[in-house]
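One line per chain: the protein sequences are D and V, in this order. The opening residue of the first sequence carries number 1 in this note's numbering; numbering runs sequentially from there. The opening residue of the second sequence carries number 1 in this note's numbering; numbering runs sequentially from there.
Misleading hints may appear alongside valid ones.
Unchecked claim - Computed, partial: chain V to chain D, Cβ under 10 Å:
| no. | residue |
| --- | --- |
| 1 | 7 |
| 2 | 15 |
| 3 | 23 |
| 4 | 24 |
| 5 | 31 |
| 6 | 35 |
| 7 | 58 |
| 8 | 61 |
Rather than coming from a laboratory, the hints here were simulated on the basis of the structure. Glycine is no exception: its CB is placed at the ideal position from the N, C-alpha and C atoms.
Spelled out from the first residue to the last, the chains are:
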Amino acid sequence: MISDATSISHDLEVIRRVLSGEVNAYESLMTKYLKHVTSIVYKHIPPQEVEEVAQDVFIRAYRSLKTFKQKSEFKPWISSIAVRACCDHWRRVYRSKEILLSSLPENYRERMEAILSEQSGAPDDRERQQKKARELLDWALNQLSPEDRMVVELVYLEGLSGKEAATLLGWSVANIKIRSFRARKKLYRLLSRLDRS
Amino acid sequence: MRFAKDEKKKIRDAFINAHHQKEPVPVSRDFPQQVMKRIRKMEIDDNAPSYTIRFERLVWRMAPAAFCAILVLCLFIMNMNPTPEYEIAQLVGSDPITYDFLQLYGK
Chain D
1 MISDATSISH
11 DLEVIRRVLS
21 GEVNAYESLM
31 TKYLKHVTSI
41 VYKHIPPQEV
51 EEVAQDVFIR
61 AYRSLKTFKQ
71 KSEFKPWISS
81 IAVRACCDHW
91 RRVYRSKEIL
101 LSSLPENYRE
111 RMEAILSEQS
121 GAPDDRERQQ
131 KKARELLDWA
141 LNQLSPEDRM
151 VVELVYLEGL
161 SGKEAATLLG
171 WSVANIKIRS
181 FRARKKLYRL
191 LSRLDRS
Chain V
1 MRFAKDEKKK
11 IRDAFINAHH
21 QKEPVPVSRD
31 FPQQVMKRIR
41 KMEIDDNAPS
51 YTIRFERLVW
61 RMAPAAFCAI
71 LVLCLFIMNM
81 NPTPEYEIAQ
91 LVGSDPITYD
101 FLQLYGK
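So that you can see chain D by itself, here it is in the shape it has in the complex:
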């Protein structure tokens, strides 16, 4: 608890220095939270784009440092910037239609059956099944809007509460709940269509 308080006061001190014109002090803050930010980004973004989005997160944080409330903690603040940067990344991708490149996964029926039958064989098989599930999940997420995608990932897959997701995305709790419900329904509808075809 004491170390937490020390860490927070240290962050505040660094922020004060950065705001007073000591730009280089920001590097220490970035090094401290680099792992935390990348751990958020890699969950939502394809591996090859993680670094670019993480850079974007730190630059956004630097630009908004003036709006940072000195009484709050830096970690949740930068986490929310990271989640919003991921959401913006998907918006950009959807706008440029790059998402259309993701085609229907091969042997999807087999994959769905494998998930539903829940075969737990050798570790190798399990790994292969997980990989297949990942591909199916990626395909299904690509069919959702960027906002729905983020809500599904945060609430449905990571198990965050509505309030936590709302804080990260900067939306109201009611909005999160409605979106989460609709997105989940859409996800199952997509999967059921796969199953039917």
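The hints should help you fit chain V onto chain D, whose structure is shown.
This is chain V only, laid out in the frame that chain D set:
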């Protein structure tokens, strides 16, 4: 086809496992340096003077040339004849066609 409750649970569990199975991606070693480089560049760009200031500077740079041009014009005007009527009368007198034309208008 609609999924039964236990099927939904199986799908969810499989997806959660798949989601958490993702390997963390290590960023390049010079990541902080790259970001700091971008931030420093951004700082320089932000501190660059705005268009109005740049225009003002340009105007002041041209002030000596403008002053010289004004001085030359003043000297030229001072050397001109202060009574242009005489010159016009002279012109009309030496050109009868223009004189006739002006007569039509009663001048």
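Hint-by-hint comparison with the structure:
Taking 10 Å as the C-beta cut-off, the interface hint given for residue 7(V) holds, the closest approach to chain D being about 6 Å. Checking residue 15(V) against chain D by beta carbon gives a least distance of about 5 Å; that is within 10 Å, so the hint holds. With 10 Å as the threshold, the beta carbon of residue 23(V) comes within range of chain D, its nearest partner Cβ sitting at about 8 Å, so the hint holds. Checking residue 24(V) against chain D: minimum C-beta separation of about 5 Å stays under 10 Å; hint holds.
Contact between residue 31(V) and chain D, as hinted, is supported at the beta carbon level, the nearest pair being about 7 Å apart and thus within 10 Å. A hinted interface residue such as residue 35(V) counts as satisfied when its beta carbon comes closer than 10 Å to some beta carbon of chain D; here the least separation is about 5 Å, so the hint holds. Annotation: residue 58(V) was flagged as interfacial toward chain D, and the flag is violated, the nearest CB pair being 29 Å apart, outside 10 Å. The beta carbon of residue 61(V) is not positioned within 10 Å of any beta carbon in chain D (closest approach about 30 Å), and the interface hint is therefore violated.
Hint violations for this structure: numbers 7, 8, all remaining hints satisfied.
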